[in-house]
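K.L.:
Residue strings, one per chain:
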Amino acid sequence: MVQATGAEVRREITVNAPPERAFSFFTEHFDAWWPRSHHIGEAELAEAFIEPHAGGRWYERGVDGSECDWGAVLAYEPPHLVRLRWQLNGEWAYDPDLEHATEIEVTFTPAGDGTRVELVHRGFERIATGETLRREVSGEGGWGGLLKRYSESLGAS
Amino acid sequence: MDALGDPTRRAIFERLGDGPRAVGELASELPVSRPAVSQHLKVLKEAGLVVDTAQGTRRLYRLDPDGVGAVRAYFDTFWNQALAAFKAALEQEVD
Chain H
8 MVQATGAEVR REITVNAPPE RAFSFFTEHF DAWWPRSHHI GEAELAEAFI
58 EPHAGGRWYE RGVDGSECDW GAVLAYEPPH LVRLRWQLNG EWAYDPDLEH
108 ATEIEVTFTP AGDGTRVELV HRGFERIATG ETLRREVSGE GGWGGLLKRY
158 SESLGAS
Chain L
67 MDALGDPTRR AIFERLGDGP RAVGELASEL PVSRPAVSQH LKVLKEAGLV
117 VDTAQGTRRL YRLDPDGVGA VRAYFDTFWN QALAAFKAAL EQEVD
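As you go down the protein sequences, you meet chains H and L in turn. Each residue of the first sequence is one higher than the one before, starting from 8 at the first, in the working numbering. Each residue of the second sequence is one higher than the one before, starting from 67 at the first, in the working numbering.
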């Protein structure tokens, strides 16, 4: 496993599919694998999308038809790399302020018959500073609450 | 290191999400001994998730207000789960 440093997370996993397939499944079929428990709309998650081009939207559609943005596609280079701007805060709510946005880069590298998928999520210092976070940490919906929801979803899966 | 991979540490972290606590308070709220709570708090502190301050004769623990450690730990666990879900769904399609 890649060691994480500073305010970023690095995760990798090797999948049993060629990079072309892994890349398109990750992006164009985002909805097919994304954990259903994680979404931001009030309505239950119907579908989530990564638009397959740079500048595209990253968003969800609820069962009631409402749409919520998660961020944007910054780079789209099949079958090697996709870079996304993540604009969700600690309470899984959309934050339009780009100063608070974090970034996710996913690379796909051939590994034997499969593909090594490496994900880096960086820029936590941008959401983890100042009054906002202090409020979130101490408030009811804070990181503790978020973690609780997460453990519950783990228990449910 | 997965500071939040342990269920007791997760429980302690969640309690501290409700507000600052001393070791004794945590031990009385959870089915764990005081020395064990102290040990878990040490790990959480090293991971940058909690900080402690002296208050009179006792020491109070709370979530690190800078929160970078907490955010990082959260997403570390989160992406681990999400990528596992990605692999499972992908390989099911391929087969």
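Worth flagging that the hints you see were computed from the coordinates, not collected in a lab. Positions of the beta carbon are idealized from the N, C-alpha and C atoms, including for glycine. Treat the hints with care, as some may be off.
Cβ-to-Cβ under 7 Å is the rule here; a few derived chain L residues that face chain H [as the list claims (entries may be wrong)]:
no., residue
1, Arg87
2, Val137
3, Phe141
4, Asp142
To spell it out: a stretch of chain H is covered by chain L in this simulated footprint if at least three of its residues, at any positions, have a beta carbon under 8 Å from a beta carbon of chain L; those stretches are [as the list claims (entries may be wrong)]:
no., segment
5, 59–65
6, 76–82
7, 126–132
Each pair of labels, with its calculated beta carbon distance range [as the list claims (entries may be wrong)]:
no., chain 1, residue 1, chain 2, residue 2, range
8, H, Gly63, L, Thr123, 31 to 39 Å
9, H, Ser73, L, Lys111, 36 to 44 Å
10, H, Ser44, L, Arg125, 31 to 39 Å
K.L.:
Decide, hint by hint, whether the structure agrees.
P.N.:
Hint by hint, here is what the structure shows:
1. Arg87: violated (12 Å)
2. Val137: holds (4 Å)
3. Phe141: holds (5 Å)
4. Asp142: holds (5 Å)
5. 59–65: violated (count 0)
6. 76–82: violated (count 0)
7. 126–132: holds (count 4)
8. Gly63(H) with Thr123(L): 31 to 39 Å: At roughly 58 Å between Cβ atoms, threonine 123(L) and glycine 63(H) fall outside 31 to 39 Å, so the hint is violated.
9. Ser73(H) with Lys111(L): 36 to 44 Å: Holds - the Cβ-Cβ distance for serine 73(H) and lysine 111(L), about 42 Å, lies within 36 to 44 Å.
10. Ser44(H) with Arg125(L): 31 to 39 Å: Since serine 44(H) and arginine 125(L) have Cβ atoms about 36 Å apart, the given range 31 to 39 Å holds.
Checked against the numbered hints above, the structure violates hints 1, 5, 6, 8; every other hint is satisfied.
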